[in-house]
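There are 2 protein chains.
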Amino acid sequence: MILGLVKKNTYQDSVNLMLLSTRLTEKEGVRKVSIMMGTPANKDIFRNTGMYCSEFETANPNDICISVDTDSSEKLSTISEELDAFISDLSSSSSESKLRKAKSLKGALNKIENPNLAIISIPGEYVYEEGKRLLENGMNLFVFSDNVNYEEEKKLKEIAREKGLIVMGPDCGTGIILGVPLAFANVVSRGSIGVVGASGTGIQEITSIIGRLGEGVSHAIGLGGRDLSEEIGGISAEIALNFLKEDIDTEVIVFVSKPPARDVRDKIVEKLKQINKTTVAVFLGEKSLSQDENIHYVSTLEDAANLAFYLSRSKRVNKETFMVIKDRLDTLRLNPKQNRIHGYYGGGTLAGEAKEILAKYISSEGNKIIDYGDDQYTKGRPHPMIDPSTRIEAIKKLKDDESVAIVLFDNVIGHGSSTDMAGALGPHIKDVLEYKRSRNQDIVFIASVCGTEEDIQIYSKQVKELEKSGVVVLDTNAQVAKLGLEAMEYINERRTVEKSQSGLFDSELRVVNIGLESFANTLYEQNLSVVQYNWTPVAGGNKELQKMLRKLENL
Amino acid sequence: MILGLVKKNTYQDSVNLMLLSTRLTEKEGVRKVSIMMGTPANKDIFRNTGMYCSEFETANPNDICISVDTDSSEKLSTISEELDAFISDLSSSSSESKLRKAKSLKGALNKIENPNLAIISIPGEYVYEEGKRLLENGMNLFVFSDNVNYEEEKKLKEIAREKGLIVMGPDCGTGIILGVPLAFANVVSRGSIGVVGASGTGIQEITSIIGRLGEGVSHAIGLGGRDLSEEIGGISAEIALNFLKEDIDTEVIVFVSKPPARDVRDKIVEKLKQINKTTVAVFLGEKSLSQDENIHYVSTLEDAANLAFYLSRSKRVNKETFMVIKDRLDTLRLNPKQNRIHGYYGGGTLAGEAKEILAKYISSEGNKIIDYGDDQYTKGRPHPMIDPSTRIEAIKKLKDDESVAIVLFDNVIGHGSSTDMAGALGPHIKDVLEYKRSRNQDIVFIASVCGTEEDIQIYSKQVKELEKSGVVVLDTNAQVAKLGLEAMEYINERRTVEKSQSGLFDSELRVVNIGLESFANTLYEQNLSVVQYNWTPVAGGNKELQKMLRKLENL
Numbered sequence: 009m010i011l012g013l014v015k016k017n018t019y020q021d022s023v024n025l026m027l028l029s030t031r032l033t034e035k036e037g038v039r040k041v042s043i044m045m046g047t048p049a050n051k052d053i054f055r056n057t058g059m060y061c062s063e064f065e066t067a068n069p070n071d072i073c074i075s076v077d078t079d080s081s082e083k084l085s086t087i088s089e090e091l092d093a094f095i096s097d098l099s100s101s102s103s104e105s106k107l108r109k110a111k112s113l114k115g116a117l118n119k120i121e122n123p124n125l126a127i128i129s130i131p132g133e134y135v136y137e138e139g140k141r142l143l144e145n146g147m148n149l150f151v152f153s154d155n156v157n158y159e160e161e162k163k164l165k166e167i168a169r170e171k172g173l174i175v176m177g178p179d180c181g182t183g184i185i186l187g188v189p190l191a192f193a194n195v196v197s198r199g200s201i202g203v204v205g206a207s208g209t210g211i212q213e214i215t216s217i218i219g220r221l222g223e224g225v226s227h228a229i230g231l232g233g234r235d236l237s238e239e240i241g242g243i244s245a246e247i248a249l250n251f252l253k254e255d256i257d258t259e260v261i262v263f264v265s266k267p268p269a270r271d272v273r274d275k276i277v278e279k280l281k282q283i284n285k286t287t288v289a290v291f292l293g294e295k296s297l298s299q300d301e302n303i304h305y306v307s308t309l310e311d312a313a314n315l316a317f318y319l320s321r322s323k324r325v326n327k328e329t330f331m332v333i334k335d336r337l338d339t340l341r342l343n344p345k346q347n348r349i350h351g352y353y354g355g356g357t358l359a360g361e362a363k364e365i366l367a368k369y370i371s372s373e374g375n376k377i378i379d380y381g382d383d384q385y386t387k388g389r390p391h392p393m394i395d396p397s398t399r400i401e402a403i404k405k406l407k408d409d410e411s412v413a414i415v416l417f418d419n420v421i422g423h424g425s426s427t428d429m430a431g432a433l434g435p436h437i438k439d440v441l442e443y444k445r446s447r448n449q450d451i452v453f454i455a456s457v458c459g460t461e462e463d464i465q466i467y468s469k470q471v472k473e474l475e476k477s478g479v480v481v482l483d484t485n486a487q488v489a490k491l492g493l494e495a496m497e498y499i500n501e502r503r504t505v506e507k508s509q510s511g512l513f514d515s516e517l518r519v520v521n522i523g524l525e526s527f528a529n530t531l532y533e534q535n536l537s538v539v540q541y542n543w544t545p546v547a548g549g550n551k552e553l554q555k556m557l558r559k560l561e562n563l
Numbered sequence: 009m010i011l012g013l014v015k016k017n018t019y020q021d022s023v024n025l026m027l028l029s030t031r032l033t034e035k036e037g038v039r040k041v042s043i044m045m046g047t048p049a050n051k052d053i054f055r056n057t058g059m060y061c062s063e064f065e066t067a068n069p070n071d072i073c074i075s076v077d078t079d080s081s082e083k084l085s086t087i088s089e090e091l092d093a094f095i096s097d098l099s100s101s102s103s104e105s106k107l108r109k110a111k112s113l114k115g116a117l118n119k120i121e122n123p124n125l126a127i128i129s130i131p132g133e134y135v136y137e138e139g140k141r142l143l144e145n146g147m148n149l150f151v152f153s154d155n156v157n158y159e160e161e162k163k164l165k166e167i168a169r170e171k172g173l174i175v176m177g178p179d180c181g182t183g184i185i186l187g188v189p190l191a192f193a194n195v196v197s198r199g200s201i202g203v204v205g206a207s208g209t210g211i212q213e214i215t216s217i218i219g220r221l222g223e224g225v226s227h228a229i230g231l232g233g234r235d236l237s238e239e240i241g242g243i244s245a246e247i248a249l250n251f252l253k254e255d256i257d258t259e260v261i262v263f264v265s266k267p268p269a270r271d272v273r274d275k276i277v278e279k280l281k282q283i284n285k286t287t288v289a290v291f292l293g294e295k296s297l298s299q300d301e302n303i304h305y306v307s308t309l310e311d312a313a314n315l316a317f318y319l320s321r322s323k324r325v326n327k328e329t330f331m332v333i334k335d336r337l338d339t340l341r342l343n344p345k346q347n348r349i350h351g352y353y354g355g356g357t358l359a360g361e362a363k364e365i366l367a368k369y370i371s372s373e374g375n376k377i378i379d380y381g382d383d384q385y386t387k388g389r390p391h392p393m394i395d396p397s398t399r400i401e402a403i404k405k406l407k408d409d410e411s412v413a414i415v416l417f418d419n420v421i422g423h424g425s426s427t428d429m430a431g432a433l434g435p436h437i438k439d440v441l442e443y444k445r446s447r448n449q450d451i452v453f454i455a456s457v458c459g460t461e462e463d464i465q466i467y468s469k470q471v472k473e474l475e476k477s478g479v480v481v482l483d484t485n486a487q488v489a490k491l492g493l494e495a496m497e498y499i500n501e502r503r504t505v506e507k508s509q510s511g512l513f514d515s516e517l518r519v520v521n522i523g524l525e526s527f528a529n530t531l532y533e534q535n536l537s538v539v540q541y542n543w544t545p546v547a548g549g550n551k552e553l554q555k556m557l558r559k560l561e562n563l
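Protein sequences, first through last, are from chains A and B.
Residue 70 in our numbering sits at position 62 of the first sequence, with consecutive numbering throughout.
Residue 11 in our numbering sits at position 3 of the second sequence, with consecutive numbering throughout.
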């Protein structure tokens with residue numbers, strides 16, 4: 009038999025209701041449990057699934073409705089007790105966290121300065137009213153909720169556009185803004201690839217692959233499943249692309265979605281072409297691999313990630329890496345005479361590659377890339393990939409050389425090579441660094457290790473050993489030379505550093521979270537500025553009454 | 009003063025001479041030591057560096073010549089003793105290894121069946137005579153030695169071409185053939201990227217980056233520094249490209265060199281265009297990034313590696329991975345009714361991607377990719393990225409399903425997702441596998457994990473957990489679906505498996521090593537078939553006498 013139970017004024021979010029459902033289903037004698045808040049839409053679901061009970065008639069959106077399929081009517085009291093215990097557990101455990109909380113938007117706004125993002129996960133039918141208020145308070149929206157109708161979605165997005173804001177979603181499952189993962193998202197370091205997509209796990213797959221390859225993401229912006237429909241017309245897609253177009257951290261843009269409505273697709277493609285950056289587009293289901301102006305079309309998520317990785321790596325050096333050594337370069341700028349670059353190479357081709365990349369500087373006096381494998385240095389002695397002595401001598405000489413600011417080198421491991429080149433060069437590098445620092449000077453060593461984890465010297469061990477000695481270690485020799493070039497440009501004051509900031513979110517996120525508290529907790533644990541707005545349906549969810557109350561509020 | 013010493017008939021290779029040099033230079037009272045075998049070329053070097061002594065006049069290439077700059081003539085006897093000790097140390101330590109050895113080519117050929125590669129590291133002036141004999145015995149050559157003149161290099165390469173063989177080098181520092189690293193090379197797994205290059209550390213950098221990205225190399229063929237000169241005309245480059253063109257393991261070809269002679273460059277480009285495979289060319293120093301038919305031009309080694317990685321990944325699934333499960337697929341072929349594919353997905357877009365890739369099969373009855381995140385499966389229960397229960401049920405049902413052969417699924421980790429989906433699904437998968445195997449059947453589970461090492465679930469942990477349960481785990485969902493497709497093709501007998509074999513080397517290396525014994529030891533340690541030919545100059549290095557002896561040998 010189907011029995012019904014209503015708990016008045018006990019609003020719970022959907023995750024808690026699911027947890028409760030799982031717990032109750034495990035009870036003996038219970039065949040099926042259905043638990044929802046008493047909204048009109050949910051009452052329809054009860055009806056359609058044959059779980060409706062007369063008790064629900066007077067329930068409102070603030071009331072938990074439970075429908076149980078069981079043989080014994082005694083079960084209902086057990087379930088009622090279980091429910092009380094569950095709710096009291098929840099309130100005690102959640103009060104332990106130091107997350108700031110409010111029961112109204114006003115209260116929330118008092119607890120956070122100038123919030124720029126609201127994450128919304130309340131029932132879809134209430135999203136429009138809340139969303140509008142949040143937009144009016146200058147917040148971008150990340151709408152996790154689904155069941156928002158087209159009309160309301162479009163209205164919210166139009167309001168956002170007018171105000172220079174964006175609505176991600178509704179039904180937006182994932183996003184990464186300024187390096188912060190939102191809702192269902194993966195931890196990926198910050199980098200130069202921006203992602204825009206109408207696909208949750210599509211964005212997760214692309215950003216994860218990029219992360220595992222060692223690259224990073226500037227922003228990943230979810231649009232929700234319907235933004236690219238004819239009805240909505242890609243309003244948020246356009247705003248997101250405009251944003252990444254101007255964003256100085258973003259160098260390559262990936263666009264991912266199912267094939268959108270024809271007109272919308274044309275609009276997106278037109279928009280991508282207007283962007284003075286390399287872009288990768290994957291319209292899932294379209295098979296062609298091709299290039300049209302600055303757009304590379306691919307057909308799988310993996311291809312999108314791998315191609316974006318390649319394209320971003322082939323650009324100039326990663327800004328993040330530059331920022332890591334910026335303070336040290338500032339020290340070097342204090343002594344304009346210490347402005348030269350040296351390269352001490354064992355690998356001939358690697359030396360050659362560095363020379364090409366640094367051609368602009370190598371031609372001028374005092375800058376040099378030396379290939380110690382060249383005949384003139386190897387007469388009667390082993391190759392510098394085996395024997396560190398020629399390079400140790402060069403490193404030692406840096407102590408008394410007041411002109412060198414940047415030193416590049418390679419460490420080629422593998423069969424045949426020295427069993428521990430990092431261990432041989434490292435102490436001498438450390439010694440030079442300590443000597444310079446004792447005189448308030450600095451000198452920047454940048455290197456790469458050529459080899460793999462399976463080589464006897466073990467790639468990661470050699471990297472760590474060099475880092476321990478104070479060397480900046482990058483993935484490849486090209487990256488080393490490119491960072492060397494950037495560093496030279498900077499200390500010679502031919503390049504300024506643009507401060508990272510973004511049109512929609514400035515330089516940090518400040519979040520109001522409305523709905524599922526776990527989203528706020530995740531952000532809180534990352535030391536983000538966040539306040540939890542414990543939303544419950546105003547006036548028992550009566551929309552007419554809500555409107556009147558809001559009018560009174562605004563008086 | 010400069011003192012000279014000659015040890016008759018004590019031939020040593022250049023590595024040993026360098027070790028000896030290092031040891032002697034450390035002696036007190038010794039300013040400088042120069043040690044070389046008494047070849048005419050070496051005598052010239054003694055003269056040019058002011059280290060020549062009258063004792064060297066009668067020395068021949070089998071005699072060690074030592075020149076010492078010291079204040080005390082007594083040092084000479086110390087050095088002589090040191091030298092004797094060094095040589096006796098060497099012969100006792102090298103006799104410990106079980107590496108097969110011979111003192112003549114004939115002896116070597118008696119100890120190895122049908123060798124297909126000779127590695128040569130004897131003094132350059134003897135390379136031609138030995139190389140010719142080796143080519144005549146059907147071996148490809150890897151010539152590490154330098155100082156081979158143009159004329160001899162060209163002749164050797166022409167002989168090789170006539171015989172359908174290749175000469176790598178002279179002055180070839182690196183190579184990977186059939187997965188075996190030669191001379192100075194890195195350990196990189198076998199895969200679908202072939203590399204040809206006139207650049208040692210260029211090849212090492214490219215293959216290492218490919219290896220660190222998780223891709224593999226079919227062959228990496230070094231050409232030596234002069235193959236692309238006008239004089240040689242790229243003979244070996246052409247042979248190498250023809251070889252990779254036909255090689256079934258190679259899907260993408262990378263060509264790397266300094267800009268070659270104009271005519272040679274044209275020839276290479278023409279050759280690349282004739283290859284019905286994607287190619288990447290990096291002529292170091294040429295800056296343009298462009299595409300011309302099947303050739304992608306890039307300007308750094310990193311770009312070459314990253315682009316080749318992208319291009320090879322976007323091809324159909326890696327053959328190596330297919331071979332890993334081939335035996336299991338053969339079991340499945342025994343029951344032609346067990347020929348269906350299922351996909352149990354949590355991620356909607358990932359399910360969609362799998363459907364696209366498997367479109368050919370999904371349309372037919374019984375094959376299905378289910379998106380368990382779809383509304384019809386999530387009414388009143390958490391999303392399948394959180395709650396494993398719907399997928400556990402599906403997996404359990406496989407026990408009694410005799411039709412399903414291949415099961416694909418995803419495991420999306422990160423914020424919001426289940427803390428241990430692999431741990432939740434794993435035991436049920438293991439159970440199904442054990443059940444099937446107890447009935448001499450099989451079923452193949454293939455999955456990917458979407459996430460990163462920094463996610464709370466930890467990417468590598470989830471991968472290992474799934475592997476422990478018997479799941480084949482690939483890097484990305486596209487790879488999963490592509491392997492699923494290949495597996496379906498195979499068990500439905502719409503695809504045959506081509507046996508991996510290569511025109512120049514058939515399916516395994518069998519090596520004669522002439523010169524530096526360390527090269528042979530490295531191969532021996534990898535359980536390769538190798539014999540060490542302890543070469544010494546015949547007839548004291550007298551070339552006239554050598555020719556006569558060889559004629560007598562051939563009678």
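Treat the hints as calculated values from the structure; they're not laboratory data.
Just so you know, not all the hints are guaranteed correct.
Each pair may be met inside one copy or between any two copies, as identical chains are not told apart.
To be verified - DSSO-like, lysine-lysine: derived pairs with alpha carbons at most 27 Å apart:
{"no.": "1", "residue 1": "Lys345", "residue 2": "Lys407"}
{"no.": "2", "residue 1": "Lys368", "residue 2": "Lys266"}
{"no.": "3", "residue 1": "Lys368", "residue 2": "Lys295"}
{"no.": "4", "residue 1": "Lys83", "residue 2": "Lys407"}
{"no.": "5", "residue 1": "Lys387", "residue 2": "Lys40"}
{"no.": "6", "residue 1": "Lys404", "residue 2": "Lys35"}
{"no.": "7", "residue 1": "Lys40", "residue 2": "Lys407"}
{"no.": "8", "residue 1": "Lys275", "residue 2": "Lys555"}
{"no.": "9", "residue 1": "Lys275", "residue 2": "Lys472"}
{"no.": "10", "residue 1": "Lys162", "residue 2": "Lys281"}
{"no.": "11", "residue 1": "Lys559", "residue 2": "Lys109"}
{"no.": "12", "residue 1": "Lys368", "residue 2": "Lys253"}
{"no.": "13", "residue 1": "Lys281", "residue 2": "Lys295"}
{"no.": "14", "residue 1": "Lys279", "residue 2": "Lys15"}
* **Numbered hints the structure breaks, given as an ascending list** => 4, 8, 9, 12 and 14
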